[in-house]
Amino acid sequence: MTRRASTRRRPRGQLAKRLLLPMPRDEIEKMSLQYHSALEAIRMRQGSAFGMRILLQMIMLTGFIDEARRQEIRVEVLVAAERGIQAAFDRGEREDLWTFDEQTDELVSMLLAWHDDQLRTAPLAVLLEAIERMDRLIDGKSFERPPTRFTP
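Residue 122 in full-length UniProt numbering sits at position 122 of the sequence shown, with consecutive numbering throughout.
Hints in this document: simulated from the structure, not taken from any laboratory. This structure is a prediction, so every number in the text was calculated from the model and none was measured. Treat the hints with caution; some may be incorrect.
Between beta-carbon pairs, the in silico distance windows are [unchecked claim]:
1) Gly140 to Phe50: 16 to 26 Å
2) Arg18 to Glu40: 24 to 34 Å
3) Leu21 to Glu93: 33 to 43 Å
4) Ala16 to Arg91: 38 to 48 Å
5) Gly140 to Met110: 23 to 33 Å
Each computed SDA-like pair below joins lysine to any residue, with the alpha-carbon atoms no more than 20 Å apart [as the list claims (entries may be wrong)]:
6) Lys17 to Arg120
7) Lys30 to Leu128
8) Lys30 to Trp114
9) Lys141 to Arg53
10) Lys30 to Phe50
11) Lys141 to Lys30
In this text, a Cβ means the ideal position worked out from N, Cα and C, and glycines have one as well.
Let the sequences and hints guide you as you build the complete structure.
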């Protein structure tokens, strides 16, 4: 009976441990490739609305992950990148030209490199929370970070 109870607890313990580790490398590579491909297409004047949305999501995730961890990125940098992408998106819809201005390209490139590092080092739990917050934001719901649980 004791043995059976311990095997029931093992998967939950393994899940808790897994949430403390970074995302699996193959998943990181898939996400990163999607972002880098979108940015490169925009630089080659082959961008699209979809690519800009992908990069905007990357900016949001970068901010949410940073907020949950070290808070090293200045909010002004994130806001400037978001505004630059939005301006490029608006121009793309009007003129069918999906490119960034020089400043936005530099900001997005810098934030993409930062995000790549976040993906390699942040615990999976932090990434999942950031994705959940982004999904709530996209759905028009509150994307505030839930209060940290304190257990005495």
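Is 38 to 48 Å a correct range for the gap between the Cβ atoms of alanine 16 and arginine 91? 47 Å, holds
Should the hint that glycine 140 and methionine 110 are 23 to 33 Å apart at their CB atoms be regarded as holding? Given range 23 to 33 Å: holds, Cβ gap about 29 Å.
Does 16 to 26 Å hold as the CB distance between glycine 140 and phenylalanine 50, or does it fail? 20 Å, holds
Going straight from one Cα to the other, do lysine 17 and arginine 120 come out at no more than 20 Å? 16 Å, holds
Lysine 141 and lysine 30: Cα distance at most 20 Å? Violated. Lysine 141 to lysine 30 sits at ~27 Å, over the 20 Å cutoff.
20 Å limit on alpha-carbon distance, applied to hinted pair lysine 141 and arginine 53: 18 Å, holds
Does the hinted range 24 to 34 Å hold for arginine 18 and glutamate 40 at CB? Given a distance of about 32 Å, which is inside 24 to 34 Å, the answer is holds.
Straight-line alpha-carbon gap lysine 30 to phenylalanine 50, limit 20 Å: 16 Å, holds
Within 33 to 43 Å or not, the Cβ separation of leucine 21 and glutamate 93? 41 Å, holds
Proposed proximity, leucine 128 with lysine 30 (alpha carbon, max 20 Å): Holds - the C-alpha atoms of leucine 128 and lysine 30 are around 16 Å apart, at most 20 Å.
Do the alpha carbons of lysine 30 and tryptophan 114 lie within 20 Å of each other, as the hint requires? At roughly 16 Å apart (the allowed maximum being 20 Å), tryptophan 114 and lysine 30 satisfy the hint.
Violation of the numbered hints given earlier is confined to hint 11; every other hint is satisfied by the structure.
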